[in-house]
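Engineer: Protein chains in written order, with numbering that gives the first Met the number 0: chain F, 0 to 325; chain G, 0 to 257; chain P, 0 to 303.
Be aware that a few hints might be false.
Unchecked claim - With a Cα cut of at most 27 Å, we get these calculated DSSO-like pairs of lysine-lysine: (1) G:K196 x G:K161; (2) F:K147 x G:K73; (3) P:K18 x F:K322; (4) F:K321 x P:K2; (5) F:K321 x P:K9; (6) F:K76 x G:K196; (7) P:K132 x F:K2; (8) G:K2 x F:K15; (9) P:K153 x F:K2; (10) G:K2 x F:K14; (11) F:K14 x P:K115; (12) P:K12 x P:K209; (13) P:K130 x F:K2; (14) P:K2 x P:K153; (15) P:K9 x F:K147; (16) G:K73 x G:K108; (17) P:K130 x G:K2; (18) F:K322 x P:K17; (19) P:K115 x G:K2; (20) P:K22 x F:K322.
Simulated from the structure, these hints should not be mistaken for laboratory data.
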Amino acid sequence: MNKLIQNEMMKLIAKKRLIVIALIIGVLVMLFTYAQYKQVQTQREKLGTSDWRTILQQQIVDTTNRLSSSRMQDEWKKQLQISLKQQQYYLDHDINPAEPGAPTFMRVFLESSIDLFIPLMVMVIASDLVSSEHSLGSIKLLLTRPVKRWKVLLSKYITLCLAISLIIAISGILSYLISGAVFGFKGWGAPILTGFNVTESGLNTSAVKLMSMWRFLLMDFGLVWFVAIVVGSLSFMLSVLIRSTAAGMGVMLAALISGAILTNMVSSWESAKYLFMVNLRLTDYMKGTAPPIEGMNLSFSIIVLFVWWAAALFVSFFVFTKKDVY
Amino acid sequence: MNKNVIRSITVIAVLFCLLWLIGLGSAVGEYYAGKPAKVPETNTVSKKVENKKGLTIVALGDSLTRGTGDETGKGYVGMLLDEIKEKSKRPAQLTNLGINGQTSNQLRKQVQQTEVGRQIQKADIVLVTIGGNDLFRGGQGLTDFKTKEIAAIEKKYLDNLKFTFEQIRKNNREANVFFIGLYNPFIDLDQGKEMSKVVRHWNYDSAEVSAAFPKIIFVPTFDLFELKVSDYLYADKFHPNTKGYRLIAERVASLLTW
Amino acid sequence: MEKKITLAVKNLKKVIGKKEIIKGLTFDLREGEVFGFLGPNGAGKTTTIRMLVGLIKPTSGSIHICGYNLDEHFQEAMMSLGCIVENPELYPYLSGYNNLLHFARMLDGISGERIKEVTELVGLTERIHDKVKTYSLGMRQRLGIAQALLGRPKVLILDEPTNGLDPAGIREMREFIRFLAEDEGLSVLVSSHLLSEIQLLCDRVAIISKGTIIRTDTVQQLLANRERVVWRISPFEKGKQVLSSLTPMEEKEDGTILTEFDEEKIPEWNKQLVEAGVSVIEMNRKMPVLEDLFLELTGGDSIE
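So that you can see chain F by itself, here it is in the shape it has in the complex (with noise of 0.2 Å):
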């Protein structure tokens, strides 16, 4: 088995897949630094401080006032609804939400990058790992020597759980080494709050917890890499069943894109929240922002995760040992 990885591994090196995500990464990752770089001067000039009470205040005083628009989406006036009472908590409590620095900024582009970008850089790997043994024919020369085929998948699956690994720490080095150069390499050990707890009737707080910094990025790397690896399992399923690289990648990309665009719009279709995409954005119930389907939470959302990530495995082995190779 380990010599399969190896092998894996060896041709996943040779591919140089990983180095070109690497570089789509630190060039998207420089972009994020340069636009919050310019945010914060401009939010500094117009408010003419750079103390984060104030702007926390002023943020406050903003939504509040946005609030009282009657223009606005009952769904829209909610999670603002929300994400006040939560501003008026960290300012309660003197806690920055944003301490300046690059973990901060590892945190928000996590965040962001969750449920689309991440999966996307996954899916170059995976789409690609077993379909392009066949569009090459070397699928031919794998398959028929004395390893069965299980073992085979297994190592080729392995492998991209190893390089999703690889990606997701990619991402959070070249993130904090590139925002660190502009806003600082400091505050790991800035507090947190966590456990807001979304419900029906708005922002309940009775369980929230405060944490350093890097307790809650590790937590934000763990739920990233398992919504990685369920993005990168279903391109896997995908790359078994579907010859063309390319086809499955068109696939997964209407999957995640369709993902985002329904997130923000099926909270009045209860059972969309069964679909995977739209539970990709594990992080915000971290973060403590509304679902986009009421009752939804993180368990759910990990087990919604869980049974597409085992029906997916279960695919991609039951069909690769099975199917004739031509």
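For chain F, the structure is supplied; the task is to place chains G and P on it using the hints.
Structural biologist: Chains G and P in isolation, oriented as in the chain F frame:
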């Protein structure tokens, strides 16, 4: 491409894989099992007062503070800020805490917030507009201004106002507080005359409350809008327009000393 | 002396959908022999070969490689098998060496020594560390054979091994295959749709058409009585009369006459013709071609 390179990349990947697994585990564990450790409440108004560069202005109140009706979005607060910057040649910082539709009761709650208190503490100048929503209630005041109810509303309002001023003074003994009086936007209407009477009375009582505190200055605006009120009102016939705000800003500016 | 059977195929069938693609094949391969698998495109050669190497699961029937049932003891059976199915599609982004390393890792106990050995055997030592995408087709073919030989197989299955090679390459390949069978004692199964190739290379041949083996025999046997002689004679009518009295004959559209090839009788026929005053303009021995063979074996059924 070296064999060892591949091997070490694999090892690194395995380590990260474990690390993320730990992260996932702790996320799920923390979300459910973690006991809510007490989050320290910090209601004490902040310890350190930062070094100030220039003037700090805090504006409290309702839509007038917000600047509703001004196309430029500045309102009298913004215009005043520009003027202060220009005249004093010093940087000035504004914290606008005005909330549309705020009543005296809501303001009473707002000034009790820790952070608002801290903002007031830093201020050199505090600007307040309040009462319009208590009295007019979005136009409802037009129909029932004669009833006895208005007396009860005013009593409540004056009580809130007093409390608000006390709170401001508690946080900041030094700052000049300018309390902007009400004008009568309905002066041209049929019941304008009677309404004006109510507003004058309201203003008088407000001025009385202000006078009880040191350095709280009541700034009348009733006279500014008395003639040609429609020239100075926004399309909603309630909030001032840019010209109207300018009038208020100029009046406050004339009172400033430095 | 009967040689050991290395590959035994019994009543192999494959049904896809409702269509029976392979309708019960039975044949054996013996140690040290080159076995030809001859049939037109679409006859079921590739499907059969893919079943032999485990890529396609047979609907029924059994395949034994060196005594191991492929279905039940996949690993043990595959241990004794080396193969190239169609073109050897190796990883173009890896070097030749890494390709071999890759496949060596999938076998038990293959040392770096063995990789070197097969590299030398196929004569790729100089270029082995270059990326495969820089290789010519012939080099890729040789690398493909190298990977097939890595595990010291007893049975080698090559699907159209000379496809796409130039004449020199074809010759080289042919010699190499003969060498493997004769000197190394391998059983080699070669599929082809070219009779000439099979004829030069194989000891025994199975002819397959529409999913059934029409005939299995040694090459000599198969080709016997399959050669023809083309006659061009003048005057035509008279010559025809003479020839038809001697042997069954066939009149062609281009004004020639076809008779069977019989080394002993041809001079006699020629003499008869000349004696009858017919001049023989051309007398040509025609090598048998697959198409004719098929037409004959399948009773005029056209090749699909």
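Engineer: Under the constraints set out in the numbered hints, which ones does this structure not fulfil?
Structural biologist: Checked against the structure, the hints that fail are numbers 2, 4 and 6, while the rest are satisfied.
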